[in-house]
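Here the sequence shown stands for residues 4 to 430, where the numbers follow the numbering used here.
Since the hints were made in silico from the structure, they are not lab data.
Here the structure is a predicted model, which is why all the values come from computation and not from measurement.
Keep in mind that the hints are not guaranteed to be accurate.
[Claimed, not checked] Simulated DEER-style distance windows between Cβ atoms: (1) Arg-302 - Lys-42: 47 to 57 Å; (2) Asn-247 - Val-212: 38 to 48 Å; (3) Pro-143 - Ala-298: 35 to 45 Å; (4) Pro-423 - Pro-287: 18 to 28 Å; (5) Gly-350 - Gln-41: 41 to 51 Å; (6) Gly-350 - Ala-278: 54 to 64 Å; (7) Thr-117 - Val-315: 52 to 62 Å; (8) Leu-326 - Leu-407: 29 to 39 Å; (9) Gln-41 - Glu-249: 49 to 59 Å.
[Claimed, not checked] Keeping only pairs whose Cα atoms sit at most 27 Å apart, straight-line, the calculated DSS-like set for lysine-lysine is: (10) Lys-398 - Lys-409; (11) Lys-150 - Lys-218; (12) Lys-150 - Lys-42; (13) Lys-258 - Lys-270; (14) Lys-42 - Lys-116; (15) Lys-409 - Lys-218; (16) Lys-116 - Lys-129; (17) Lys-218 - Lys-258.
From the three backbone atoms N, C-alpha and C, an ideal C-beta is built for every residue, glycine too.
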Amino acid sequence: MSAAAFITVLAIIVLLAISAYFSAAETALYAASRRRMQKLARDGDARAQCVERLQRNNEGLAGAILLGDTLVIIMATALATGLFASFWGPYALLVAAPLVAVLVILLAEVAPKTLVVRDADRAALKLAPSMEMVVGLLSPVTAFCQKLMRGALRLFGLRIAASQPVFSVHDVVRGAIDQQDRSQIIKTHRDMLGSILDLDELAVSEVMVHRRNMKMIDAAIGAEAIVEDVVASPYTRIPVWQDNPENIIGVLHAKALLRALISQHGKLTMEQIQATMLSPWYVPETTSLREQLNAFRDRRSHFALVIDEYSVLQGLVTLEDILEEIVGDIADEHDVTRSGIRPQADGRLIVDGTTTIRDLNRAMDWDLSDEHATTIAGYVIHEAQTIPEAGQLFKFGGFKFEVLQKRRNQLTLLRITAPPSVPVDPL
4 MSAAAFITVL
14 AIIVLLAISA
24 YFSAAETALY
34 AASRRRMQKL
44 ARDGDARAQC
54 VERLQRNNEG
64 LAGAILLGDT
74 LVIIMATALA
84 TGLFASFWGP
94 YALLVAAPLV
104 AVLVILLAEV
114 APKTLVVRDA
124 DRAALKLAPS
134 MEMVVGLLSP
144 VTAFCQKLMR
154 GALRLFGLRI
164 AASQPVFSVH
174 DVVRGAIDQQ
184 DRSQIIKTHR
194 DMLGSILDLD
204 ELAVSEVMVH
214 RRNMKMIDAA
224 IGAEAIVEDV
234 VASPYTRIPV
244 WQDNPENIIG
254 VLHAKALLRA
264 LISQHGKLTM
274 EQIQATMLSP
284 WYVPETTSLR
294 EQLNAFRDRR
304 SHFALVIDEY
314 SVLQGLVTLE
324 DILEEIVGDI
334 ADEHDVTRSG
344 IRPQADGRLI
354 VDGTTTIRDL
364 NRAMDWDLSD
374 EHATTIAGYV
384 IHEAQTIPEA
394 GQLFKFGGFK
404 FEVLQKRRNQ
414 LTLLRITAPP
424 SVPVDPL
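Could you build all of it, start to finish, from the sequences and the hints given here?
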């Protein structure tokens, strides 16, 4: 091997080592325990203070890792192409690119991340000082790339505010979660972490109880019947309407009603019941789950009615609905346990039409699109571009959908057959 070839191989090895460094630093700094770093920083640990600064500077860290890693991989590929040019001539790139890709995946991605994730805190403390220097050195390049990207997007009519980051840590964190080995972050934990990241992207209309399934009370049935209805209901808060279901006059709280019953020795008039009602709180269906969660906290309320742009009642949303979107179903002693997803012995699924695509994807580890529909029935109707009849069979994206039951224009029950390559047993 000539001296030039030896130096080229050595340079490629160094570049792969730098790429491995970026991968290890990314995994360690995002996986490190913030609570432990804060404790160490308060105790005067300079390295922990460095970790804290990098974790706060999410945009700078993500941008430096992205730029640095991309540059070294490009340089390694270019050097490998030059090295092989003397053997394969114009076909050198066809050999160099796959070879460098395999080396990067094995040596610069999988290996370092597997090593540091076992003890992310210790790795973060070791790598943080040098990574902070890299972030500082690359910050002018990162800032220039951000301005260049914003300028390029303006050519296509897209404008990003100066305060809005181009390098989103949201995707970096999601990638770090998805890359974790299943033995270290089990599926339910990954789902919870992913759901927290999705709170800004989901609207209350996607988790609300539809008006068709709402429990409401007609004020015209009288005080005695209202009390009996509330006692028999599994719900704590129930909307009360008058004249028509769109005219909600208040929300009846079972505990407030019980207090009033005790104070009046078991007899209440309609006026006394109305005095215990809470004023209805209406929220737009486009409100994000994060905004609604903050609103619940600020108002110290757990219940809101959802309306569309024409102020027409669409449903209701509770604090529990949002929490269930994060942690999964929360059943209490009064809930009727009923799963909308029922795996069959032959590997197929029986699914209620009202089951949300998001719940189905999370339960089965699938990736059906929820861009145009919220429920699985809506997905089939959108893809079929018609309202199917019972017995009809459709195939979309490799999945087979058979309509088993239909009530009016609503698909109430479907049978789903997944492609052979798609898992059907996470439940």
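Hint check:
no. : hint                          : result
1   : Arg-302 - Lys-42: 47 to 57 Å  : violated (34 Å)
2   : Asn-247 - Val-212: 38 to 48 Å : violated (19 Å)
3   : Pro-143 - Ala-298: 35 to 45 Å : holds (41 Å)
4   : Pro-423 - Pro-287: 18 to 28 Å : violated (43 Å)
5   : Gly-350 - Gln-41: 41 to 51 Å  : holds (48 Å)
6   : Gly-350 - Ala-278: 54 to 64 Å : holds (57 Å)
7   : Thr-117 - Val-315: 52 to 62 Å : holds (54 Å)
8   : Leu-326 - Leu-407: 29 to 39 Å : holds (32 Å)
9   : Gln-41 - Glu-249: 49 to 59 Å  : holds (51 Å)
10  : Lys-398 - Lys-409             : holds (18 Å)
11  : Lys-150 - Lys-218             : violated (53 Å)
12  : Lys-150 - Lys-42              : violated (37 Å)
13  : Lys-258 - Lys-270             : holds (15 Å)
14  : Lys-42 - Lys-116              : holds (25 Å)
15  : Lys-409 - Lys-218             : holds (23 Å)
16  : Lys-116 - Lys-129             : holds (15 Å)
17  : Lys-218 - Lys-258             : holds (17 Å)
Of the numbered hints listed earlier, those contradicted by the structure are 1, 2, 4, 11, 12.
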